[in-house]
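Q: Generate the whole structure from the sequences, applying the supplied hints.
Given next are the chains, with one letter for each unit.
Protein chains: 2
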Amino acid sequence: MTFDLKSHLAAQAGRIETALTSLLKETERDGEISRPERLINAMRHGALNGGKRLRPVLVMDAAGLFGRADDGVVQAGCALELIHCYSLVHDDLPAMDDDDLRRGQPTVHKAYDDATAILAGDALLTLAFDVITDEAVHPEAGIRLRLCRELARASGIGGMAGGQMLDLESEHRDRSEAEIRHLQSMKTGALLRYACRAGAILGDASDADVERLTRFGEIIGLAFQLADDLLDVEASPEAMGKATGKDAEAGKATLVGLMGIDRTRAELQALLEEAHDLMAPYGSKAAALNALADYVVTRSN
Amino acid sequence: MTFDLKSHLAAQAGRIETALTSLLKETERDGEISRPERLINAMRHGALNGGKRLRPVLVMDAAGLFGRADDGVVQAGCALELIHCYSLVHDDLPAMDDDDLRRGQPTVHKAYDDATAILAGDALLTLAFDVITDEAVHPEAGIRLRLCRELARASGIGGMAGGQMLDLESEHRDRSEAEIRHLQSMKTGALLRYACRAGAILGDASDADVERLTRFGEIIGLAFQLADDLLDVEASPEAMGKATGKDAEAGKATLVGLMGIDRTRAELQALLEEAHDLMAPYGSKAAALNALADYVVTRSN
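Those sequence lines, one after another, are chains A and B.
Counting in the working numbering, the first sequence tops out at residue 499, every number present.
Counting in the working numbering, the second sequence tops out at residue 499, every number present.
The hints are simulated quantities; they were obtained by calculation from the structure and are not laboratory data.
Be aware that a few hints might be false.
You can't tell identical chains apart in this list, so a pair holds if it fits in one copy or across any two.
Said to hold, decoys possible - Here are the computed lysine to any residue pairs in the SDA-like style, where the Cα-Cα straight-line distance is at most 20 Å: (1) K308 <-> P292; (2) K308 <-> M294; (3) K204 <-> G249; (4) K450 <-> D311; (5) K204 <-> L476; (6) K204 <-> E215; (7) K204 <-> N247; (8) K223 <-> D332; (9) K308 <-> G265.
From a predicted model like this one, the values you see are computed outputs, not experimental measurements.
A: Below you can see the structure in the form of structure tokens.
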């Protein structure tokens, strides 16, 4: 029996989509004064755009390994996805990567303007820390606080935002393989690591299981980045729904550039095997996470 | 005996400065991978710049009313100040207010570049939600969560960020007095309201006292904005350390513009009286908050 990843992803992403849509309603939540129309529309443009929802699906599937599948897990996934979406809105700005298209649609600053995109990103980021404190996320306040704090550390200067800074500094500058691995562990690795780790914490997993899922998340992060670099070299803009070849154009060193395509493919295969080994103790309960690892390595967009 | 506000402000702001400096060290915190040098320097530039620290001082003095003066209150104040500082870094960007000077110094995007300023703001915002979860803030996890969530709602689309959006939309557009009051309650009011309210919550104040301090914070917000509008009309750029007359130049309607200087001054006086009335039950313990209310109304920069 093979696992039907496509149906699984559609179902999990559907739950995320429903929850995000509800979080991004026009009407204000308790304690909010109002939700200005232009800003909530820009936030919706940035967050409800048919993304694959990989990060929240990882949260849900990691929690599922430990028996949790309720809507509180979806809320935690949404918090993480809001962080991811804000980072895309800001990364696309002219002052940053200057991208006009994202998943085949105009980026937020193209559909609105730069100021609105800056504010929409800020507000999506802020909303994440509202959502992660939701009572449904976990009955224990201490666990919700831990998830909140770890989310901040994975997203901020010591994680994603710091990695973005290092990446911008990489333009037209030589980077060693170690430097690139370091910046990627921050820029893309930290959130994917958090996704799997948070899922285990949500499921009240043992410390050993939390560490196991943390390592699984690190592998997903490494594999995701290597696969992304390969796609940037090999795929067409049409398949990706955004510009490709951007790294080479920006003069950014990549692991694929330093290691070559064959060594990159070999490392991806080794990562995939380690991922499967890590999931072995969970047997068939890990079918979704195993299939996601395969997907991250073999995806074509 | 008159209250020595100048010494008081210097002492309270000094505690905030020390704590912020510690939060913005070059070395990473637990769970952070590294703190890239350029980004932490830009964050320090945006946050350690001799600000008056009005918001955190309000947190500390409101908590002081209920007997709390420990470093946990300073941490909570820092979280709020990090939000305020991020908003200034982003507001100064060319795509927003396009300001070159802030407190007489180059703004972050002038000292670094636009991309770094965007990331520095993002990282300051994110750090705020790490800091507010600090165990020292309050022994009860549930209270820390409440403070975290209320901070998110005061700062995000339903508060400060939303108000900033409405303010940008006000350029070259007529606004009624009610519309301006609404946007100001979001843009500047929400954080000042939060400051006083959070202080009461930190001090385990009764619900009635929390509501009293919340109203006090609303008055501070209204008075702060009216005084700011008056300064924008009347003060010199030298006294303010930044450009003045910007509202008129941007074609933004202000309350002073609609109400005239005399009616504005009269409203300020009435607000001040209400503030003092609210503090009356606390007697001499409210000396600092009473003096702060006076200061907000009479400040010259």
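Q: So, for every hint listed, does it hold in this structure?
A: These are the hints, each one checked on the structure:
1. K308 <-> P292: both (10 Å within a copy, 16 Å between copies)
2. K308 <-> M294: Both: 14 Å inside a chain and 16 Å across chains, each within 20 Å.
3. K204 <-> G249: within (14 Å within a copy, 53 Å between copies)
4. K450 <-> D311: So K450 and D311 pass the 20 Å test across copies only (19 Å; inside, 27 Å).
5. K204 <-> L476: Cα proximity of K204 and L476: none, with 23 Å in one copy and 61 Å across.
6. K204 <-> E215: within (16 Å within a copy, 53 Å between copies)
7. K204 <-> N247: within (18 Å within a copy, 52 Å between copies)
8. K223 <-> D332: within (17 Å within a copy, 31 Å between copies)
9. K308 <-> G265: Classified as neither; 43 Å inside a copy, 51 Å across copies.
When each numbered hint is compared with the structure, violations occur for hints 5, 9.
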